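J.: Protein chains in written order, with the numbering used here: chain H, 1 to 368; chain F, 1 to 365.
No wet-lab data here; the hints were simulated from the structure. The structure presented is a predicted model; accordingly, all values stated were derived computationally and were not measured. Careful, some of the hints might be misleading.
In silico lysine-lysine, DSSO-like type, Cα no more than 30 Å apart, as pairs [claimed, not checked]:
#1 F:Lys257 <-> H:Lys97
#2 F:Lys178 <-> H:Lys235
#3 H:Lys23 <-> F:Lys5
#4 F:Lys157 <-> H:Lys97
#5 H:Lys232 <-> F:Lys257
#6 F:Lys157 <-> H:Lys232
#7 F:Lys178 <-> H:Lys259
#8 F:Lys157 <-> H:Lys275
#9 F:Lys178 <-> H:Lys160
#10 H:Lys257 <-> F:Lys157
From chain F, some residues computed to sit far from chain H (all C-beta separations above 10 Å) [to be verified]:
#11 Pro74
#12 Arg106
#13 Ala139
#14 Phe221
#15 Leu335
#16 Glu360
Don't be surprised by glycine CBs; every beta carbon is placed ideally from N, CA and C.
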Amino acid sequence: MNRILCILLILLLILPLQGCKFKDIDLKLFVMAVGIDEAENNPNKLSVTLKIAIPQGDPKKAEEQVQIITEEGDTIAEIVRVMKSRIDKELDFGHCKAVLFGEKYARKNIREAADWTMRRRDIQLTIYTAVARPSAKEVLNVQPVTERIPANSILLALSKDGTESPFIVPPAFAYVLQRRIDERGADPILALVEKKSDQEFLINKSYLFDKSKAVTELEPEETRIYNLLSLKNLKTSLNVDYQGLKYAYNIEKSSAKYKIITPTNGTPYIEYKIKILAEVEESHSGDIFNEKLLRDLSAAAGNQLNERVERTLSKIHQAKCDPLGWGLRYQSRHWNNSEEWKEWEDLSERLEFHVKCDVDIKYTGMVR
Amino acid sequence: MVKNKYFYYLFLINALINVVNFVPRGLIAQRFSGAMMAIVISVPIGLLLMYLCIKMMSKFPGEGIPEIFNANYPKPVTKFMLFGHTLLWYIAGLITLIAFVDVTMRYITSDVSPLLIMVGFLVVVCLAIRVTAESILYALEVVIIINVPIIIYVLFKALLNPMFSWDAVMQVITYSLKAPSYGSISYATFIFTGYLNLAVFNRAFKKIRVRHIWMIGVVGFLVLIASVLIPIGYQGTIGVERHVYPWFSTADVLRTKNFIVERVLFFFYFTYLTLSLVSSIVHWHVALEMLKGVFLTEEKKKRKIDPEWWMILAFCIVAFFAMRTNQFFRDRAGLLFLDIRLAAEFFLIASVYLAYKRREAKKRE
Numbered sequence: 001m002n003r004i005l006c007i008l009l010i011l012l013l014i015l016p017l018q019g020c021k022f023k024d025i026d027l028k029l030f031v032m033a034v035g036i037d038e039a040e041n042n043p044n045k046l047s048v049t050l051k052i053a054i055p056q057g058d059p060k061k062a063e064e065q066v067q068i069i070t071e072e073g074d075t076i077a078e079i080v081r082v083m084k085s086r087i088d089k090e091l092d093f094g095h096c097k098a099v100l101f102g103e104k105y106a107r108k109n110i111r112e113a114a115d116w117t118m119r120r121r122d123i124q125l126t127i128y129t130a131v132a133r134p135s136a137k138e139v140l141n142v143q144p145v146t147e148r149i150p151a152n153s154i155l156l157a158l159s160k161d162g163t164e165s166p167f168i169v170p171p172a173f174a175y176v177l178q179r180r181i182d183e184r185g186a187d188p189i190l191a192l193v194e195k196k197s198d199q200e201f202l203i204n205k206s207y208l209f210d211k212s213k214a215v216t217e218l219e220p221e222e223t224r225i226y227n228l229l230s231l232k233n234l235k236t237s238l239n240v241d242y243q244g245l246k247y248a249y250n251i252e253k254s255s256a257k258y259k260i261i262t263p264t265n266g267t268p269y270i271e272y273k274i275k276i277l278a279e280v281e282e283s284h285s286g287d288i289f290n291e292k293l294l295r296d297l298s299a300a301a302g303n304q305l306n307e308r309v310e311r312t313l314s315k316i317h318q319a320k321c322d323p324l325g326w327g328l329r330y331q332s333r334h335w336n337n338s339e340e341w342k343e344w345e346d347l348s349e350r351l352e353f354h355v356k357c358d359v360d361i362k363y364t365g366m367v368r
Numbered sequence: 001m002v003k004n005k006y007f008y009y010l011f012l013i014n015a016l017i018n019v020v021n022f023v024p025r026g027l028i029a030q031r032f033s034g035a036m037m038a039i040v041i042s043v044p045i046g047l048l049l050m051y052l053c054i055k056m057m058s059k060f061p062g063e064g065i066p067e068i069f070n071a072n073y074p075k076p077v078t079k080f081m082l083f084g085h086t087l088l089w090y091i092a093g094l095i096t097l098i099a100f101v102d103v104t105m106r107y108i109t110s111d112v113s114p115l116l117i118m119v120g121f122l123v124v125v126c127l128a129i130r131v132t133a134e135s136i137l138y139a140l141e142v143v144i145i146i147n148v149p150i151i152i153y154v155l156f157k158a159l160l161n162p163m164f165s166w167d168a169v170m171q172v173i174t175y176s177l178k179a180p181s182y183g184s185i186s187y188a189t190f191i192f193t194g195y196l197n198l199a200v201f202n203r204a205f206k207k208i209r210v211r212h213i214w215m216i217g218v219v220g221f222l223v224l225i226a227s228v229l230i231p232i233g234y235q236g237t238i239g240v241e242r243h244v245y246p247w248f249s250t251a252d253v254l255r256t257k258n259f260i261v262e263r264v265l266f267f268f269y270f271t272y273l274t275l276s277l278v279s280s281i282v283h284w285h286v287a288l289e290m291l292k293g294v295f296l297t298e299e300k301k302k303r304k305i306d307p308e309w310w311m312i313l314a315f316c317i318v319a320f321f322a323m324r325t326n327q328f329f330r331d332r333a334g335l336l337f338l339d340i341r342l343a344a345e346f347f348l349i350a351s352v353y354l355a356y357k358r359r360e361a362k363k364r365e
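Turn these sequences into a full structure, and let the hints steer you where they fit.
T.: Quick look at the structure:
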């Protein structure tokens, strides 16, 4: 009896030995980035661009081989299937790290594209999303000379693993995008990737979304202020004018906190408190720093930053977007669940901003 | 005979496996209508049931429910009750297995047929449920000790991520004052249900005594809070509803730089693979013993094939049929199971109490 059972078991264990059901790596093409645009001639159709890497033995040899294909159709899924008959190997989205939405497409509605990235099981939730100008196709066609792995340069910039530019907003992963599209009281904000030339792109602006529609563009300066408000310890320098001369300071530590304050009679306001610890990086005066100058410079820097932050906040407010999640914060601090959203909608119309920047320039750098 | 500490492992395996068994999904569906309150209420209810069960089972040292029932109840009643419990424990293990086959399909090997995955799982589970209660408890200990540090690492990783939205968590907490439904309480008390496996595993304990039962309450509460609120922190208060397996989506969101694999999902998957297999083994072991209590009470004839094998074969066949159900049916069945389970728990403890009374009465005569 036992012998028969053992034999049966062994036979059963042989079943999975038929080998990998997967396609081997040399039969695969890895999609590195997906671009989604409105079709050129027909606004009701989509155009999808895939940037595909061809597997290679030695990553040190910087001869990247890349194929870019574009196809038009009604749904992204359908377009991908059509593409499959234009290539010789199996498409693999497992290593796809970025989805770019063309500007025109983003201004219309990105809901379907966001849904596709969330729903497809081989696409990770930690994929980067961004808006591309003039179109996703053209941005994906940019081939920077420094790029070693296909589409890697965009990823390095968006993820801040490579360059840490203060003008790039925190990564909008697919799940963050979807959560903000769904959430009451928060809106997505995506980095804007622009094509400068065939070998260079530029990421220093961002796009404010009203749920799934791109609405307003934030200029580089405003994007940096947004980063200052949403991130801890932003790596950047800022300029100050003091007595007609220019100075620049580098931020060592920064933190921003806010409170939504609703006085019983009077306009509701958001009070931002920003704390910055900094050092002087550049001085155009030529004088040797003393304690008083450093203190005055700090005060001037605080005042000037106040203004810049207030300008940015009121622009975001006028766009009727909520990239900083004020609405969610308001709801999360109030226990009257059924009325809180109405209250917020009513209150957010006449919101004011009070900003208190506390810039403390502590060091003068290596020289005095 | 094993030490009393093995009781904690029985509790822990159920508490950890809730992520696969639809508990977060049931609670998340009711996050705006009393799930938070249900979590708070479930702690005293779960602890009370646990205390009563331990108290009752300690009156029957070294005996399982089949022996207790057979000795103290008329035969038809015993058979009926044991069969009912068999079904519940069998379904508990089955839900874990099917959910895990589904997770494997979705996240790991989308090209392999689900039937083959199920065969693989069933081979492991069916061979393991026949061994003695002690051996299963030892295996349980090993698996838990290996996996708990990994789970704690994932939890820390999840809570320290800057993308985690504490505002979303706070927003759900402000819904704490809503009155909970029976359903949400029964989902939440699943965390504490591990003690019920004593029904058969009591055979391995000399005379069960559990110290520091409040600690189980604290751990259970934290586990519940974490398994509901962490997915909300990542997927948002509204968006979390979209996810079929909220916890696997949450693990997919996490990245680690200090490990060979970048995606936390993969080692989270393997952790939960071992935990769910062991959990199914525990549940099906109980189911098998109960079923043996129904059919193999008297004469122990030497048969050519051990009748256990027929029971295991039945388990497998039903499992393959259950594979044909669709996603929404499984959701509903999973949640329905959790609902029935709470009532059955009360029933089981009451019936053990009655058995105890009857035994005492018999002794006095």
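J.: Look at each hint and say if it fits the structure.
T.: Structure-based check of all given hints:
no., hint, in the structure
1, F:Lys257 <-> H:Lys97, "holds (16 Å)"
2, F:Lys178 <-> H:Lys235, "violated (44 Å)"
3, H:Lys23 <-> F:Lys5, "violated (48 Å)"
4, F:Lys157 <-> H:Lys97, "holds (21 Å)"
5, H:Lys232 <-> F:Lys257, "holds (20 Å)"
6, F:Lys157 <-> H:Lys232, "holds (18 Å)"
7, F:Lys178 <-> H:Lys259, "holds (26 Å)"
8, F:Lys157 <-> H:Lys275, "holds (27 Å)"
9, F:Lys178 <-> H:Lys160, "violated (43 Å)"
10, H:Lys257 <-> F:Lys157, "holds (24 Å)"
11, Pro74, "holds (36 Å)"
12, Arg106, "violated (5 Å)"
13, Ala139, "holds (19 Å)"
14, Phe221, "holds (21 Å)"
15, Leu335, "holds (23 Å)"
16, Glu360, "holds (44 Å)"
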